[in-house]
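Protein chains in written order, with our numbering: chain C, 1 to 284; chain E, 1001 to 1312; chain G, 2001 to 2322.
No lab work stands behind these hints, which were simulated from the structure alone.
Some hints could be false.
Claimed, not checked - From the structure, some residues in chain E lie toward chain C, with a derived Cβ separation under 8 Å:
no.	residue
1	Glu1066
2	Met1087
3	Asp1091
4	Ala1154
Even glycine gets a Cβ: it sits at the ideal position worked out from N, Cα and C.
Okay, here's what each chain looks like letter by letter:
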Amino acid sequence: MNIRRPASSVFAQVWARGAGRVGLVLVLLIVAMALFAPWIAPYAPNKINVANRFADPSGAFFMGTDHLGRDLFSRVLFGAQIAIVVAFAVISISLISGTLLGIAAAYAPARVERFFLIVFDVIASFPSLVLALAMVAILGPSLANVIAIVAITFIPHFGRVARAQVLALRNAPFLEASRAIGVSGPRLVFVHIIPNISGPLIVLASMDVPVVITIEAGLSFLGVGVRPPLASWGTLLYDGYSYLTQSFWPVLFAGLVLSLATLGFTLFGEALRDAIDPKLRRIP
Amino acid sequence: MTVRPIVAIDRVSVAYGDLVVVHEVSLDIAAGETVGLVGESGSGKTSLGKAITMLKDTIDGTIAFEGEDVRALVASDRLAFRRRVQMIFQDPVSSLSPRLKIRSLLAEPIEVHGLPFEATWRQIEALMADVGLSAQHLDKYPHELSGGQARRVALLRSLVLAPRFIVCDEPTAGLDVSVQGDLLNLLCDLQITRGLTYLIISHNLNVIRRVTDTVAVMYLGQIVEVGETATLFARPAHPYTASLIAAIPTIDPDRRRSPIVLAGEIPSPRKPPTGCRFHPRCPSAQARCRTEAPARRDAGPGRSVACHFPVA
Amino acid sequence: MTAALVEVRDLGVAFATERGDVHALRHVSLDLARGAIVGLVGESGSGKSTLALALPMLLPANARVTGGEIRFDGVSFAAMGERGFKELRGRRIAMVFQDPMTSLNPVISIASHLGDVIARRHPDLGRRERKRRAIAMLDRVGIPDAERRLGGFAHEFSGGMRQRIMIAMALLAEPDLLIADEPTTALDVTIERQILVLLRDLRREFAGTILFISHSLGTVAELCDEVIVLYAGTVAETGASAALFARAGHPYMQALIRCETEVPGTDRRLRSIPGDVPDLIDPPGGCAFAPRCPVAVAACRSAVPLLRPLAGGTHAACHVAR
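Next comes chain C alone, as it looks inside the complex (with noise of 0.2 Å):
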């Protein structure tokens, strides 16, 4: 059983770790990006200039600009806006649909247990990407679709792990006093059931957030996510590669941005994992 700790703490040990400050500082710096885009952007993203086509890193054009002359660092920014709601919304929506759907498994008779099961194991044997880029080709691509699809690829992670962690409560000698007392149907899910198996469900979830921006990105590259002129990284770095010959700085910065957002991500979810249960980490 692990023992509550209050968040505070658990942010403080993220940060004692070096790789976690690292991670969280990076996190903080992309959603930060994201938030205040339209403050901190000095330009449109999307206004063209064709006679300011790929200019050079300067004062005026921080990271220079792209093929129809547009400001590679708002385009970057108003990026990282695109990057965080796809990752966020993705999240959210197969983490809760995932935990309940998982929890619903682990108390549902034997035979519906592994109808979820096999459902799980179906969606989970296609690579992400590949079967998102299936039904983009069917649904059409959209920010929406992008958003649903990925997020129904991402359930069964979460729908596996809650229900494993449901089977290991279920004898849990507090669900059986719960129980005698009178608590049944949803409070006992949500008051007690959930907060216990919340610890590794946050962390997958974490971990989970620079995988979806990667296939949203490379949804994006391969023109089948986020539409133009929206900027993506994914399409920043499409445009970028286009036309490489002409300026490689595009390809760079979108690429070092995207690096960057990912490595933030997964050395903060490690330091949350090692924090919130050291249990999780794999042996070396």
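For chain C, the structure is supplied; the task is to place chains E and G on it using the hints.
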């Protein structure tokens, strides 16, 4: 006993999967009485306690509470049943939800049963002093309490519902001898002031001897002897009861009988022995015991024993 | 009479915690006589497990010895060094714990567990002789069908049987001191009785000293020759078992015995000891029991009482007892 019992257990069986851990047990508990249920681990005493409190389904037999068959209760009656019948669990700290503060744990029965909050909370505050808790405990988490304090919180959570009958599973497990008395005295006080009936499950025979009126002895899923506490301890009739009592270590050299050392261990309920289930370990087993299961027969007032050759 | 096997003098042990140093043992002096079964009784927080870990120097990292000394077979711990402790733990002291699973590796067979112990003690013995001895010892401690069960694993045995295996392992090491920390606490009374009978029988063959740690007065009274009573990290009373339980002098021991034995009258009141065990971060200045003691006088709160002989034949650390 001519009064109608508050709990009447009639040929009840309990199983986990196909493992029958309680086998056709019958027992009556009179209102206001304290009944002790003793036996080795694996005898099925906790499973029987959970069956009485409807935390475990029975596969056979009937349990009647105040004359009502508990299996016939519809959903809304079940919540009302929980107000009348409560259970205190063996491991007090882990029987409290670890992420809730004591305040929320105490408020929970009020909310679940829709009792008037203000008035009931005032009752809790009044009761807290009685059970030996103070306001400073309200903002703690269960793991910050001692075993004794956690047990008092569990007790208070039950008392809020004003039950008539409480099953106490190993109420003194893990408590030091010097504080066991406090808890048992508290249970006795509450019995008088609140008109409670108890079933106390314990393998600690010293505790059972001192706080119960009647004792039922379980062995491998069956009750082998029932009797008034003092006479049962003085003159056990079933050889198993006799060996249990003789095995209690005592500091009083005068009370040390030549102990009957029971051979072997309690068998698995998966393959219970034929005839009398106790016969492979029984010092006075005879041929008949191996083939014929003894029925529990009356052996004096309030006394019954399931043995072909009782020792007293 | 040769000197005692273990002599503890004025021993102090403290644990560093977030709230400050917990003084788990303070000025503890005691002897464990050769060949005796010595009972160590006390409630939670009395320091009995700390003492059990101090004797083989197995104290955890946050513990430190604050004073005093321990001599084992005449050799002071201070002169022993890490190699000496290794020898002590590997050969001269064996331990049996409340939960045998803490010492039995679930994926190693009972045969290997026992074989390792024999090989360490008698490196020259052949494989067959080791096996023969292992079977003989399992048989001796009452494991039925020992030869067949030798290849089994810990989880295939019941709690009582595992404890017998632990005792077999301890005895195969042929130690000078066997420390048994609550070995029967988790067992049913009938199985506990079997283990007590086994231990009592074994003493005819086992020449060493047994330190039997328990919170159960009855168990200690039935098994032990001598008894040491700990309270809040100090020795409250020591003496021969029979004398101590018949004529305890220390008010704490007297109260404890009353809690255990008194059959209540019609009002059913049971005895308890009012008050709480003192906070060992800031232990009381005088006698540790003074705040709960019904007969405490002014001196009890200021001066630490020393062990001294009483008329009843025991030694008690009490200003008042006679």
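Tested hints:
no.	hint	result
1	Glu1066	violated, 18 Å
2	Met1087	holds, 5 Å
3	Asp1091	holds, 5 Å
4	Ala1154	holds, 7 Å
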